[in-house]
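So the sequence lines, in the order shown, correspond to chains A and B.
Residue numbers for the first sequence, in the numbering used here: 1 to 154.
Residue numbers for the second sequence, in the numbering used here: 1 to 144.
Derived from the structure by calculation, the hints contain no laboratory data.
Be careful, since some hints might not be right.
[Unchecked claim] Quick list of simulated restraints, FRET-style, between CB atoms: (1) Pro68(B) to Asp137(A): 19 to 29 Å; (2) Glu93(B) to Gly144(A): 22 to 32 Å; (3) His146(A) to Ser131(B): 30 to 40 Å; (4) Tyr44(B) to Asp40(A): 39 to 49 Å; (5) Glu90(B) to Asp40(A): 38 to 48 Å; (6) Asp116(A) to Arg104(B): 21 to 31 Å; (7) Asp100(B) to Asp99(A): 41 to 51 Å; (8) Leu138(B) to Pro3(A): 32 to 42 Å; (9) Pro68(B) to Asp5(A): 31 to 41 Å; (10) Glu12(B) to Glu93(A): 14 to 24 Å; (11) Gly96(B) to Thr91(A): 46 to 56 Å.
Bear in mind the structure is a predicted one, so any value in this text is a computation, not a measurement.
A virtual CB, placed ideally from N, CA and C, is assigned to each residue, including glycine.
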Amino acid sequence: VLPDDVVALLESGCSTFVGAVDADGRPVASHTTGIQVVEDGTRLRVMVNRADEEAIAALQASGVVAVGATDVYTLRSIQVKGRVVGVEPATAEDRIRTDAYIAAFSHAVYETDGTDVDFMRRALPADFVALVTTIEDVFDQTPGPHAGTNLART
Amino acid sequence: VSADSAPPALDELRSCFEGLIPSIIATAAADGTPNVTHLSKVHYVDEMHVALSNQFFSKTMRNLAENPHASVLVIDPVEFRWFRLTLQYERTERRGPLFDQLSRDIDAIAALTGMADVFKLKSADVYRVVSIEPIITLGAEGGA
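For reference, chain B alone in the conformation it holds in the complex (with noise of 0.2 Å):
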């Protein structure tokens, strides 16, 4: 995918899905105030929905209770590509396939990363696909 041709679809990113490389969100509070922090895993759901993982995410999820609009930023880990995912919140799982599915992708990477004693999914969030962009660097067109 060219970073000048259309946006890619969003199943035709699912090697950024494997959690292989931390993700970026970002959210924003009521008052305009921004957070910003790694994720450890975006999941695919269908070509419309992804889920992330919340293990912590406290001030992130205060956040999207007040403005469900979050920006998450992955990385292809094979051309090493980023691509901006504009995301709107519809609803938390806390048990279910999802969650059962997300959870033991937390658990493979939480023993990884010397996380096992910290990483704890709380719940599979679930966000609406609003937009992808690829952001131009080196390994994009229009990057060099």
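If we strip away everything but chain A, and leave its shape as in the complex, we get (with noise of 0.2 Å):
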């Protein structure tokens, strides 16, 4: 079970990537646009670039998924592993969330480092998919003594 804290930051406005292996073994990153957590807290639905057709395609070779977010003020960080149970078209409840993600998201740099907020949209997905995972472990992947600490709440 994730402790309401870890819930929070991963569905703040947050920075958001994956971590895949492709068919041949080789890890393949990728920059997402937000999670949520669903299913009563056992899996995540992540925000996917759809034209990463190289991660997209990593994510359903090996089956397994790791998902990192970082708070863009404090620079706290989580690191989920999972299972992908699928990669599916974004619905528009996704579309509502991402746009609200962007959002924080975007604030939250401009507020770090000034960066114009619709400059910033350079960087984003034209359009993206949502990955469903499960959550097999938490770790606090913050910079300092306790990274790497399991965070799951048993």
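Dock chain one against chain two, each of which comes alone in its own frame, and use the hints as you go.
Have a look at this one:
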């Protein structure tokens, strides 16, 4: 079970990204546009760049994934290890949540380093798909002595 | 560089290596489990190599001992365009000019991010760049 503060971080306007492994065993990194904790805290729904065919193929090839999230203000970082349940079209709710995520993330970056919010949109995907994963392990990845601590609450 | 044209050469991405925006690195363990984390600094070494700052990276380094491949996302802070570097680990340097340069860079980043008590360079890890892939986004051709 994920602690409430971990859920809050994952669903905030934090920096989000995934690591997958392709059919040849090579890792593939991809940036993402937001995370939602679903299914009573047992799964994640992660928005992946639809144009990033290499990452999507890797996610489907190996069936395992690492999902990262870092708070823009504090650098508090979480990594979730999971199994891929599926990659599916984004729903209308996904799109509403992603718009809110982008607004929150862009505002956080603007507040921390002054980057223009409209210009930041250049780095965003034109469209996305929803990656659904299980939650197998959750680790603190904040730089410092507690990095690597398992955060799952039993 | 267009997303539909030939991939850029490494030296065309020099602005990505200024450390202004954190990069992302993915590695994989021998059993195929991926690991992904932010990375403070990707340093241009030469037209075929980059060095990554290793302050913590314990899981990343364990993975690289088992599987020498890495995938790194860098962003051009001027154009706001992402590029994915596919890397192969070659060696670790713990002293010398490359280590000293990267150590100074990390100290500067640590001061800017309030991490002066946390960030301390352990090694400069040198990788061969196997391929460079532009990521299609709203700011890249083909993304809108």
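Cross-check of the supplied hints:
no.	hint	in the structure
1	Pro68(B) to Asp137(A): 19 to 29 Å	holds, 24 Å
2	Glu93(B) to Gly144(A): 22 to 32 Å	holds, 24 Å
3	His146(A) to Ser131(B): 30 to 40 Å	holds, 35 Å
4	Tyr44(B) to Asp40(A): 39 to 49 Å	holds, 47 Å
5	Glu90(B) to Asp40(A): 38 to 48 Å	holds, 46 Å
6	Asp116(A) to Arg104(B): 21 to 31 Å	holds, 29 Å
7	Asp100(B) to Asp99(A): 41 to 51 Å	holds, 46 Å
8	Leu138(B) to Pro3(A): 32 to 42 Å	holds, 35 Å
9	Pro68(B) to Asp5(A): 31 to 41 Å	holds, 36 Å
10	Glu12(B) to Glu93(A): 14 to 24 Å	violated, 40 Å
11	Gly96(B) to Thr91(A): 46 to 56 Å	holds, 53 Å
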